[in-house]
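Student: Chains as they are written, first to last, in our numbering: chain A, 6 to 118; chain B, 514 to 627.
There's no promise every hint is true.
What the hints assert, rightly or not - Interface residues of chain B toward chain A, partial, derived using beta-carbon atoms under 7 Å:
hint : residue
1    : Gly555
2    : Leu556
3    : Tyr577
4    : Phe603
5    : Pro609
6    : Glu614
7    : Thr615
8    : Gln616
9    : Phe618
10   : Gly619
11   : Pro620
12   : Gly621
Bear in mind the hints are in silico, worked out from the structure with no lab data behind them. Only a predicted model underlies this, so the values are computations on that prediction, with no experimental measurement involved. For each residue, glycine too, the CB sits at the ideal point set by N, CA and C.
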Amino acid sequence: SQKIEQNSEALNIQEGKTATLTCNYTNYSPAYLQWYRQDPGRGPVFLLLIRENEKEKRKERLKVTFDTTLKQSLFHITASQPADSATYLCALLTTSGTYKYIFGTGTRLKVLA
Amino acid sequence: DAGITQSPRHKVTETGTPVTLRCHQTENHRYMYWYRQDPGHGLRLIHYSYGVKDTDKGEVSDGYSVSRSKTEDFLLTLESATSSQTSVYFCAISDPGGGRETQYFGPGTRLLVL
Numbered sequence: 006s007q008k009i010e011q012n013s014e015a016l017n018i019q020e021g022k023t024a025t026l027t028c029n030y031t032n033y034s035p036a037y038l039q040w041y042r043q044d045p046g047r048g049p050v051f052l053l054l055i056r057e058n059e060k061e062k063r064k065e066r067l068k069v070t071f072d073t074t075l076k077q078s079l080f081h082i083t084a085s086q087p088a089d090s091a092t093y094l095c096a097l098l099t100t101s102g103t104y105k106y107i108f109g110t111g112t113r114l115k116v117l118a
Numbered sequence: 514d515a516g517i518t519q520s521p522r523h524k525v526t527e528t529g530t531p532v533t534l535r536c537h538q539t540e541n542h543r544y545m546y547w548y549r550q551d552p553g554h555g556l557r558l559i560h561y562s563y564g565v566k567d568t569d570k571g572e573v574s575d576g577y578s579v580s581r582s583k584t585e586d587f588l589l590t591l592e593s594a595t596s597s598q599t600s601v602y603f604c605a606i607s608d609p610g611g612g613r614e615t616q617y618f619g620p621g622t623r624l625l626v627l
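Okay, chain A solo, but in the shape it has when bound:
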């Protein structure tokens, strides 16, 4: 069956350190992989998109890698801050005919001051 897995346990890190979140998938051939941030009681907010032919993408303190051989994406937040505390969701965009997004369950990140 098709699955997207993210670390279900919360990730606690110290302020200033780099947070690394993992997204693994099986039985998909996504054209794009995206990362979203979700705060409690709010809808997800788009952060970064990486295409299947891209290895790495950066935006300010955020970095995403995409390994289609391993079927894995890593999401890094460098110099983390308490304001980065949130749930982070990865999503695959499949493009067979129509466009559908398949989401992982998310990883809760807590940055400790």
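With chain A fixed as given, assemble chain B onto it according to the hints.
Tutor: What follows is chain B alone, placed relative to chain A:
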């Protein structure tokens, strides 16, 4: 923020009653999606639309129907609500293709079925 509104924002209903949730966008995006979010399950796709009157099922479509008669509105109907449909429902829009693959989410509707 992308122009997406959902109504109602909160609803309490009884088992067996019909419920309709509305999603309205002002962005003229082609695609609209309905998700439900439950603890331990993340966001799961219920139905989506890729144009007026063009809809398709997602992974958890049983018990739900949708309609899209205008570009800006996407309705989700629970014909006969059950307690298992208690959830937070999110609408999202996108205009994929041509580099516009970002999905924008509405604020959510919290539904409690008693």
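Student: If a hint holds in the structure, say so; if it doesn't, say that too.
Tutor: Hints, verified against the model:
Interface hint at B/Gly555: satisfied, since its Cβ lies 4 Å from the closest Cβ of chain A, which is below the 7 Å cut-off. Here the hint on B/Leu556 is kept, as its CB sits about 4 Å from the closest CB of chain A, short of 7 Å. Because the closest C-beta pair between B/Tyr577 and chain A is about 16 Å apart, greater than 7 Å, the hint is violated. Evaluation of the B/Phe603 hint against chain A yields a held restraint, the C-beta minimum of about 5 Å falling below 7 Å.
Among the interface hints, the one on B/Pro609 holds; its C-beta lies about 4 Å from the nearest C-beta in chain A, closer than the 7 Å criterion. The closest approach between the C-beta of B/Glu614 and any C-beta of chain A is roughly 5 Å, which is under the 7 Å cut-off, so the hint is satisfied. The criterion of a C-beta within 7 Å of any C-beta in chain A is met by B/Thr615, whose closest approach is roughly 5 Å, and the hint holds. A hinted interface residue such as B/Gln616 counts as satisfied when its beta carbon comes closer than 7 Å to some beta carbon of chain A; here the least separation is about 6 Å, so the hint holds.
Evaluation of the B/Phe618 hint against chain A yields a held restraint, the C-beta minimum of about 3 Å falling below 7 Å. Among the interface hints, the one on B/Gly619 holds; its C-beta lies about 6 Å from the nearest C-beta in chain A, closer than the 7 Å criterion. Interface restraint check for B/Pro620: the shortest CB-CB distance to chain A comes to about 6 Å, inside 7 Å, so the restraint holds. Below 7 Å, beta-carbon pairs count as interface contacts, and B/Gly621 has one with chain A at about 6 Å; its hint therefore holds.
When held up to the earlier numbered hints, the structure conflicts with hint 3 and nothing else.
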